[in-house]
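A.B. asks: Okay, here's what each chain looks like letter by letter:
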Amino acid sequence: MNNTFYIQSYCEIRDGAIRLNGEEVFSAEAESFADFAKQAYHHFETGYPKFFKMDKLSKLAFLAASRLLTEGSNTALVFANRSASLDTDLVYQQSIGDKEAYYPSPAVFVYTLPNICLGEISIKYKLYSENGFFVFENFPAAFFPAYAHTLIRTGKADDVLCGWVEMLGEEYRALVYRVGKQGLMEHNEQNLNRWI
Amino acid sequence: MSFIVDYNCFTPLGPDLQTTLGRLEEGVSGIQHFENSELLPFPYYAARLPEPVIHHPGFTRLENMLIRALAPVVERNPLSGKSLLLVSTTKGNIGAIAGGEAVQDAFLPVMAAKVARYFGFSETPWVLSNACVSGLLAVAVAGRMIDAGAYEHVYIVAGDEVTEFVLSGFAGFQALSSGPCRPYDKSRDGVTLGEAAAAVLVSNAGGLFRVAGNGAVNDANHISGPSRTGEGLYQSIRRALDEAQLSGPELDFISAHGTATEYNDEMEAIAFDRLGLNRVPVNSLKGYFGHTLGASGLLEAVISFESARKGILYPSLGFETSGVSREINVIRQPEKRPVKYFMKTASGFGGCNTAVIFENLN
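Read top to bottom, the protein sequences are chains A and B. Its first residue numbered 3, the first sequence is counted upward by one per residue in the numbering used here. Its first residue numbered 151, the second sequence is counted upward by one per residue in the numbering used here.
FYI, nobody ran anything at the bench for these hints, they're computed from the structure. Just so it is clear, CB atoms sit at the ideal spot from N, CA and C, and this is done for glycine as well. Keep in mind that a hint or two might mislead.
If you want the footprint, here are the derived chain A segments under chain B, 3+ residues with CB under 8 Å [unchecked claim]:
id : segment
1  : 12-23
2  : 75-86
3  : 89-95
4  : 99-112
5  : 124-130
6  : 190-198
Some, not all, of what chain A presents toward chain B, calculated at C-beta under 8 Å [as the list claims (entries may be wrong)]:
id : residue
7  : Ala30
8  : Ala32
9  : Ser34
10 : Ile118
11 : Leu170
12 : Arg175
13 : Leu177
Quick list of in silico lysine-lysine cross-link-like pairs, DSBU-like style, CA-CA up to 35 Å [said to hold, decoys possible]:
id : chain 1 : residue 1 : chain 2 : residue 2
14 : A       : Lys101    : A       : Lys183
15 : A       : Lys128    : B       : Lys336
16 : B       : Lys232    : A       : Lys183
17 : B       : Lys264    : A       : Lys101
18 : B       : Lys490    : B       : Lys232
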């Protein structure tokens, strides 16, 4: 059995810019990530109003994944970050922290789980596929190949969208890429370490 | 192939598996009524651990729970070869952000690293945070990594607490039960939250049970409501059955998710019906432990291992009259039955689902 898998395409979002396979496809002068995300949404003519009710982590993951996905494929989603849903956890905590203004919002609470961004992507792209959200201190260059390749080899997925989607305050970075049986660059720990 | 070698739990019914199981077999529930609690401005039901939980100073309450659950497993099976610690949780030390700041303890990798150091794991631990399937998905992930030859042993530990954060959130959804939860029952009216930790050792050799098949497929439908057709759960089970080379009815029991919300239990009944599993005995263990979130899938797997080992099917506490639209064989009384194959399922926010099938090797 073929034991080599490749990065087929990749999208990086950081510092107010979106790069697809290394080429800048969008950049904006924005005051905040929320503002940047809104401008990007319009630039790519996304036409998906549900985007505006998403939390920042979901918007980040969605914007990156949208550059790479096609509808209905058997593409597993394997995402990770450092801060889980802490960015939204802090927003929700504010709504219950002040006993005078106690108002736990269901619309915020539902985003206090990091895997919700995988649900958002799955809904938009009709992906009835394997999902998993993991949390690591740093970009897990050994984890992504190990887990993604297992999913393809065992037939649980045709290909895998791997994603590092970190969001805390105004610190954000997405590096999302698609892994399959052929592509641009071999998907292994050494290449990922050189790449990030 | 991957095998379940050992397991333990730390629950409101007892500080270890044997005590927990003894109370469960007496039909005792860990769920209690709380009034004037510091966690919610109105009365509620929950399954909370008796204090004091903290035995190891320098570790948070949840870290103490994780350590208490995992310690006997590590004691009986000392770390050797290529071993990984896999931690499952939905909210980790979420109480740490009560002051409004992202303090160190609130970061899941910090928590996992503390637990890893306590036991002497040399590799960086993995953390899985995938809503209410986290604990069960960890078993699938462990099995896959062992099958791939990446690890010889994966020590899984899962835990979550009853906190102001999650209680207020479920209350905001109007999803909390008015009494102890009653999965699949006509009068069910919501979730009862619980807290617990569970630990399982998955290895490449030996063991009591084989991980025979698994699947974890998204509903692609809604982030906070289950699919009306049970599509993700259906496909998760389908994949698990295919991998285990089973058709379905030969399963001896299913330990299902059964949160006792209107929509979850109905969704599960629909998925089981679509798979022709109507006659397979089913329980939800939420009536004993409440919904322990990221721990629930692993805790309920642990109880199911004992169920299979002893050949006793445990009743679904709180169930009297079916309140789902499809025929479902909910277990009402303890039943002696030899168990060869059994399945654990879980579903959660974000549209996630997981099914794992185990083969009893006894």
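A.B. asks: Counting residues of the segment 124-130 of chain A whose CB is closer than 8 Å to a CB in chain B, do you get three or more?
C.D. replies: holds (count 6)
A.B. asks: Residue count check for the segment 190-198 of chain A against chain B: does it reach three with CB-CB under 8 Å?
C.D. replies: Violated: only 0 residues of the segment 190-198 of chain A have a Cβ under 8 Å from chain B.
A.B. asks: Measuring from the C-beta of A/Ile118 to each C-beta in chain B, is the shortest one below 8 Å?
C.D. replies: 5 Å, holds
A.B. asks: Against chain B, does the segment 75-86 of chain A show at least 3 residues with beta-carbon separation below 8 Å?
C.D. replies: holds (count 4)
A.B. asks: A/Lys128 and B/Lys336 were given as a pair; does the straight-line alpha-carbon distance stay at or below 35 Å?
C.D. replies: Cα-Cα ~33 Å, so holds.
A.B. asks: Going by Cβ atoms only, is A/Ser34 closer than 8 Å to chain B?
C.D. replies: 18 Å, violated
A.B. asks: Holds or violated: is the Cβ of A/Leu177 closer than 8 Å to a Cβ in chain B?
C.D. replies: Nearest chain B Cβ about 18 Å off; hint violated.
A.B. asks: Given A/Arg175 as an interface hint, is its Cβ closer than 8 Å to any Cβ of chain B?
C.D. replies: 16 Å, violated
A.B. asks: Can you take a look at whether the segment 12-23 of chain A is actually covered by chain B? Rule is 3+ residues, C-beta closer than 8 Å.
C.D. replies: That given contact is violated, which follows from only 0 residues of the segment 12-23 of chain A lying within Cβ reach (below 8 Å) of chain B.
A.B. asks: Within the segment 89-95 of chain A, is the number of residues with a Cβ closer than 8 Å to a Cβ of chain B three or more?
C.D. replies: holds (count 4)
A.B. asks: Hey, B/Lys264 versus A/Lys101, does the alpha-carbon distance stay inside 35 Å?
C.D. replies: 33 Å, holds
A.B. asks: Holds or violated: the hint that A/Ala30 contacts chain B, with Cβ atoms closer than 8 Å.
C.D. replies: 26 Å, violated
Hint compliance for this structure: hints 1, 6, 7, 8, 9, 12, 13, 14 are broken, all remaining hints hold.
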